[in-house]
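Participant: Now for the letters of each chain:
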Amino acid sequence: MIRCIATLALLLPSLAFAGWESVQASKRVGCGKGDFSLQLPETWLYDSSRHSLDASHDGVGLNRITVAITPFKKTFKNANKEVTSHSAPDDLAEDYIAELQAGPNAVSDLVVVSNEPAQLAGRPAFRVHVTYRAPASAGGAAMESVAIGTALDSGVMLATFEAPSIHYFARWIREFDAVAGSITLLPPPK
Amino acid sequence: MRIETPFGNLARERRRTLGGLLGTALLSWATRGYAISEQDQRARMLFATREQETNLEAQGLLYGDIALDAYLQSVMDRLYPERQGEYRVRALRDTEFNAFAVATGHLYVFIGALLRLRNEAELAAVLGHEGGHLLGDHMYKRIVESKSIARIGSALTLGLATTLPGLGALVNYSTMAGFSRDFERDADDIGFQRLTAAGYEPKAAASVFDRLAREVADRKIKQAPYFFSDHPKLLERARHFQMLAAGCPAGDLRTGEFLAATQTASVAALEKIHEHRDGAELIAVLCDAGRTAQFAPIGEFLLGEGYRLRAADGDENRSLEQYARSIEQYPHFAPAYGARGRLRARRGEHAAAIADLEYFVMLAPTAPETPFARQTIDHLKQDSLQ
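As you go down the protein sequences, you meet chains A and B in turn.
When you read off a place in the first sequence, starting at 1, and then add 5, the result is the number in the working numbering.
When you read off a place in the second sequence, starting at 1, and then add 27, the result is the number in the working numbering.
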């Protein structure tokens, strides 16, 4: 019994990082069906095995970049907002903020720090910066997040960066902006 | 001796039973001195209430308009003249149709309630009811009846935490905690008696309940976190007030005084509902005839926003009609042009959208929405060129 527990204790942390890879210098990474590619900072780890691309430097609870293209029906389903490929960036921003406050994972104490036009993958986009409190089940920390989003023909592309307000957000936000600026809708070169 | 039976070891069962009895006896002995006196119970209730009221202030939930609070107080003093200096009323920064009193003699009226009330008589009906709970000592009686404030608290927190964030445990010590039908009837009767004695219009009480019942139904609110409990009871109590008012002479409405004192807070409540993106709530508070004009120039525009945000069948056309009405009545009110431009862009009416958005940018060059309007104009113009 003790052996079983010891083996599990050794295996579980490695399972948590299964699928995570180191970023290779100057190599663009892509995700899923190869809908997009981007350049991540060196020293980060990333996981492109699911429908989204996730990256982190110190662990996903401390800094996390997520880039995904989500089908229209699933993008803002908790807020019950309909999105199309023609949705304007300001409408998307409004729906994104509503989504943050809806459903079982709704955040509390949400404050919209800024909501402004931006570019993502060469398209008109929104850039929303918010602060909020993480759910009690996740520690209830003061968090900060930036999301850049745009509507494509296949769904909504969202690039988000999330980190605790203390230290981590300010430390890595410039890296996130560089990552978002590097996103193209072409698959990575083989 | 071990006796195995089909039900297990009898000796072990006996030991367990004896142990249980001994434990119960010990617990009774240990807690024999803990039946607290009425004085202690009241002191605990007041201490806990004051602590929660301090939290309320610290969180910035008070609306903090001295003139408005003074007006609310003047209505309360007219209803309960013998309690001047004891019952204190203040406005709370919350958009729901609500008000509550706490055992310290303090009453809190949500700015959302002020937005929905139409005259001073209706405000007096709400304050009269809450004052009735204070006069009837209902907070203390509820604690005595329920034996444990913790039991009240846990039940309430489930229902109210999501709808009234920030009020926290104060809800447990307030009239929002819910009372028995007898206490509510008692507060209704005291409130109505005070309303008429102060010379207010007796029909005002029924109007408040009718309007609240309609909103609960329109917004499909299942568990209303209101001082006036759930929907069927609301209608029942509206009928009760109608019967009481039937034989009474007419009284004061004091509509002008009420609107002058509450206008700023009501507009703040409307803007906050808009900020929350709650289309159904905007429609509920603005759809009655004459309501949008009362909040000119923002009223017509916000009703349009209500339809846009609710997004039910036909709402897009309704919102376009509202924006057009707003522009017709207030040609220099920029938000209506911006909102109509966005909607027209979504509908593919590019030329009309560009015209609206350019006019919006001209009228409001520094508005937070202006950068997005410029982005949409550029995008639509590029699309038109392609």
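Accuracy of the hints is not assured; some may be wrong.
[Claimed, not checked] In silico PhoX-like cross-links for lysine-lysine, where the CA-CA straight-line distance does not exceed 25 Å:
| # | chain 1 | residue 1 | chain 2 | residue 2 |
| --- | --- | --- | --- | --- |
| 1 | B | LYS247 | B | LYS260 |
| 2 | A | LYS79 | B | LYS408 |
| 3 | A | LYS82 | B | LYS260 |
| 4 | B | LYS247 | B | LYS299 |
By construction, these hints were calculated from the structure, which means they are not laboratory data.
Participant: Looking back at the hints listed earlier, which ones does the structure fail to meet?
Facilitator: The structure conflicts with hints 2, 3, although it agrees with all the remaining ones.
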